[in-house]
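K.L.:
Sequence:
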Amino acid sequence: MTAIDELSALDLAALVASRVCHDIISPVGAITNGLEVLDEENNEDMKEFAMDLIRKSARQASAKLQFARLAFGAAGSAGAEIDLGDAHSVAAGFLANEKADLDWQVPRLLMAKNRVKLLLNLILLANQCVPRGGLITVTMDGDAQTPTFRLKVTGSTTKVPALVLEMTSGKEPERIDAHTVQPVYAVLLARESGMDLEVVKEDDGVRITAACIG
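Position 51 of the sequence shown, counted from 1, bears residue number 51 in the UniProt record's numbering, the numbering being contiguous throughout.
Rather than coming from a laboratory, the hints here were simulated on the basis of the structure.
Bear in mind the structure is a predicted one, so any value in this text is a computation, not a measurement.
Every residue gets a Cβ at the ideal spot worked out from N, C-alpha and C, and that includes glycine.
Hints are not guaranteed to be accurate.
To be verified - Listed below are the simulated BS3-like cross-link pairs for lysine-lysine, each with C-alpha atoms no more than 30 Å apart in a straight line:
#	residue 1	residue 2
1	K171	K152
2	K99	K64
3	K56	K201
4	K152	K56
5	K47	K64
6	K201	K152
7	K159	K99
Unchecked claim - Cβ pair distances, simulated, as ranges:
#	residue 1	residue 2	range
8	Q105	D45	37 to 45 Å
9	E166	S26	21 to 29 Å
10	E98	G29	13 to 21 Å
11	N43	D203	49 to 57 Å
12	A58	D86	40 to 48 Å
13	E41	T146	28 to 36 Å
The whole structure should be built from the sequences, with the hints applied where relevant.
P.N.:
Given below as structure tokens:
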């Protein structure tokens with residue numbers, strides 16, 4: 001039995017929650033530091049620096065939380081659909097604080113929530129493939145019922161993390177923790193959505209595809 005087979009719904013929820021908390025600890029901590037500077041400093045330059053830090057960190061925390069709400073959250077009742085325009089907005093906000101740029105070429109339409117969550121998780125996978133920055137181009141073939149998501153990742157340095165390659169090639173990790181749960185979650189979303197997931201390293205970057213089975 002693999003680690004995924006042994007993973008209960010409660011354990012998966014706990015690991016995803018830990019992942020979300022890990023992502024927002026840094027900007028929230030920076031807000032706290034900025035407030036402490038405001039309380040302790042009388043220097044106007046330092047106060048202005050602290051306010052800039054608070055504003056920037058608050059925007060980062062908000063963007064990460066809005067992204068996590070759609071990428072990992074319930075986002076409505078069972079069978080709910082999500083507007084891909086909302087997915088674009090949260091993805092753009094999230095990547096505004098990352099090194100990669102986003103080229104979103106997906107039409108605005110309503111789609112089953114798990115498929116939209118999968119698309120957002122593919123963007124997270126793509127972001128891991130450009131550690132020094134680059135461009136993530138997102139396109140879609142088909143319609144809302146039978147979509148094929150295509151992400152092309154380019155940059156000065158592109159790579160596919162070993163865990164991502166293992167998960168998307170059918171291998172499963174022996175152990176799952178908060179640091180490795182996101183690619184696992186993406187694979188589970190693909191299975192739930194009836195889609196095949198493929199990540200391929202190419203000469204000019206990385207190609208990520210999720211296509212409906214059959």
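K.L.:
All hints are to be evaluated individually against the structure, with a verdict given for each.
P.N.:
Structure-based check of all given hints:
no. : hint                    : in the structure
1   : K171 to K152            : holds (23 Å)
2   : K99 to K64              : holds (14 Å)
3   : K56 to K201             : violated (34 Å)
4   : K152 to K56             : holds (29 Å)
5   : K47 to K64              : holds (26 Å)
6   : K201 to K152            : holds (10 Å)
7   : K159 to K99             : holds (15 Å)
8   : Q105 to D45: 37 to 45 Å : holds (44 Å)
9   : E166 to S26: 21 to 29 Å : holds (27 Å)
10  : E98 to G29: 13 to 21 Å  : holds (18 Å)
11  : N43 to D203: 49 to 57 Å : holds (53 Å)
12  : A58 to D86: 40 to 48 Å  : violated (21 Å)
13  : E41 to T146: 28 to 36 Å : violated (58 Å)
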